[in-house]
Structures are given as C-alpha cells and as structure tokens.
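Once you know that position 295 of the sequence shown is 482 in this note's numbering, the rest is easy, because the numbers rise by one and skip nothing.
Where hints are given, some of them may not hold.
What the hints assert, rightly or not - What follows is a list of derived Cβ distance ranges for each label pair:
1) 349 x 255: 43 to 53 angstroms
2) 315 x 277: 15 to 25 angstroms
3) 325 x 458: 22 to 32 angstroms
4) 359 x 295: 14 to 24 angstroms
5) 317 x 348: 43 to 53 angstroms
6) 309 x 342: 39 to 49 angstroms
Hint data in this document are derived by calculation from the structure and do not stem from the laboratory.
Backbone N, C-alpha and C fix where the C-beta goes; we use that ideal spot for every residue, glycine too.
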Amino acid sequence: MAKAIQNKKDNSGGHDYGRFDFVGKVGLFGGISAALVVISLAYLAVRGITYGIDFAGGTEIQVKFNGNVAIEQLRPLVEKQGLKHVELQSFGGADEFVVRFQTEHGKTDKETNDLQNSAVTKVKEAITTELASGQPEIRRVDSVGPQVGAELKRNGFLAVFYCLLVILIYVALRFDYKYAPGAVICLAHDAVITLGIFVLVGKEVNVPILAAILTLIGYSLNDTIVVYDRIRETEGHYRDRGIGFIINKSINDMLGRTLITSGTVFTSAICLYFFAGGTVSDIAFAICVGIVFGTYSSIYVAAPMILLVEKMNGTHKAA
188 MAKAIQNKKD NSGGHDYGRF DFVGKVGLFG GISAALVVIS LAYLAVRGIT YGIDFAGGTE
248 IQVKFNGNVA IEQLRPLVEK QGLKHVELQS FGGADEFVVR FQTEHGKTDK ETNDLQNSAV
308 TKVKEAITTE LASGQPEIRR VDSVGPQVGA ELKRNGFLAV FYCLLVILIY VALRFDYKYA
368 PGAVICLAHD AVITLGIFVL VGKEVNVPIL AAILTLIGYS LNDTIVVYDR IRETEGHYRD
428 RGIGFIINKS INDMLGRTLI TSGTVFTSAI CLYFFAGGTV SDIAFAICVG IVFGTYSSIY
488 VAAPMILLVE KMNGTHKAA
C-alpha cells in the first residue's frame, strides 16, 4: 500500500511529494525569517517598548461626554494640570476618550498614593467643570503603582519564558529531540516579530497584549504540532525516502487544512480589529499579525529546522 502511494504522481505539480517544493526554498525564507527577527530585536532595543499603565505604572481615566468634544479641546485642559507623560486616545465614538498620565513618586508609598489621588481629583474636576458639553460621565479610573507595575512586567515576561521552556520539554517528550528546537524557535520567531510590529505602529504593551501573545504561542504551537504529526506519519510510510521529501509531502498534504483554519481565525480577528475598538482592537491586531507569521513559521521555520538538526547529527538524507 505504501509503495502504491509513493509511486503516485501529482498531475498538477509533477512531483510525488505534491505541488510545492517548500524544502527547496528553505534557504531563502530562512534568511528572510532571520532578518526579520534581527530587525525586530534591534528596533525593540533602539526604540524601546511603550508600556501601558499595567507595566509602567500610572493612571487611566475613561470619560464619556454628552456632546461632541474634540481631542484638541481636551488635551490642553489635561496638560495644564502639571502631569507627566500625558496621553489621550479616542475610545469608541467621537465623544469618549481615555486619558493616561503618570504622577510624581513620593518618598513613601503613602505619599505616592496621595499624589496620585490628588492628580486624579484635579483631572476629574477640570473635565467636569471647564468643558461646556454637559455633565461628562467618568466611566473608569484605573491606577497602578510603579512597584506593582514593575512586578507585573517581570512576571509577564517570565510567564512567556517559562511557557517556551515547558513547550520545549513537551515537544521533546511528545515527539523526538529533533522536533523540539524547531518548535521553540518557531514560537520565539512569532512572538518577537509580532511584538516588533506592535511597537512599530505605536501601540502600548500591557497585560491584555501579553495575554494575546501567549494565545498566539498556543495557536502557533497547535499548527506546528499538526505539521509534526503529519511528518512523523509520513516518515512511517516512506522509510526509504529522505527527510526533505517527507517534509515536502507532509506540508503539501496539510496546506489546505492550515490555510482554512488560519483564514477562519484571521477573519474573526480582523472583524474585531475594525469594529470592536479600544483594548479589544489592539488584541485583535496582535492576533492578526501573529496568525500570519504563525502560519508562515509552521511551514518555513518549524519543519525545516528538522533538516538542520539531522544535518548536525549526520543523519540527513536529501531524497
């Protein structure tokens, strides 16, 4: 039965492994992936990550006005309160905004809290008394101290590191040692590039965004595991063929399933990006970027890494 399958040709592509020669392009796309990761890391090192109040500490006030208020009217009103790092962002409609700012650090935690409460009171009073737009509604006030923010940031990035470590152990036990490096490199590749693009477009990194990146790691891992399962299954049917043929055939067999699944998730995420607004829109943007690179990496990063491991062990057979 295996011989019959092996000798069957694909009339559309002329190769018994399928229509597309993915392994033949591994050098080109491997170079592109390496360049994207290096550029992303360099950009993050030079530009730095813009952290939200979850990580940087500060205060966030969400306010809704009864009439149309331009952000140009609101900005000078907030800035003249003598606050640091004031940022304003439209939230939903034209009459709702999010005001972010940082307060002075006191000598003690109590002094810091007092300064923070005083700043919040000044901003709320200015908004409610100096804009002739009816009585505005203060919908939300969130404050995070600098020590809590630093702890959240440390724990968040440790969570990503431990996630990758556990995945390395899981894949090594679930499959074989030759599969584990590809899976972890693939996931690190997706996370770094997604974070780089997220910072490039000027978005803040906070707890929900870090949760979105962890979600992408899980999604990308699932796609990689499906490809690895097919490679291992194909390897059992074609024991006399090289790993290059086996990877090509496996990816060709899984290509339709991968594109349909990724396309479905991407469509849902892009709808959230355009219609949800606020933090949900930022999460959806991260997911959209991650799905594109996650699908790409499961084909051109995770699977071809098996070739590299076999070459390093001297067990590689090309065809």
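Hints and how they fare:
Range check, residue 349 to residue 255: Cβ separation about 48 angstroms, and the 43 to 53 angstroms hint holds. At about 19 angstroms, the beta-carbon gap between residue 315 and residue 277 stays in the expected band of 15 to 25 angstroms. At about 30 angstroms, the CB distance of residue 325 to residue 458 agrees with the hint of 22 to 32 angstroms. Range check, residue 359 to residue 295: Cβ separation about 49 angstroms, and the 14 to 24 angstroms hint is violated.
For residue 317 and residue 348, the Cβ-Cβ distance of about 47 angstroms falls inside the hinted range of 43 to 53 angstroms, so the restraint holds. Between residue 309 and residue 342 the C-beta distance comes to about 32 angstroms, which lies outside the given range of 39 to 49 angstroms.
Violated hints for the displayed structure, listed by number in ascending order: 4 and 6.
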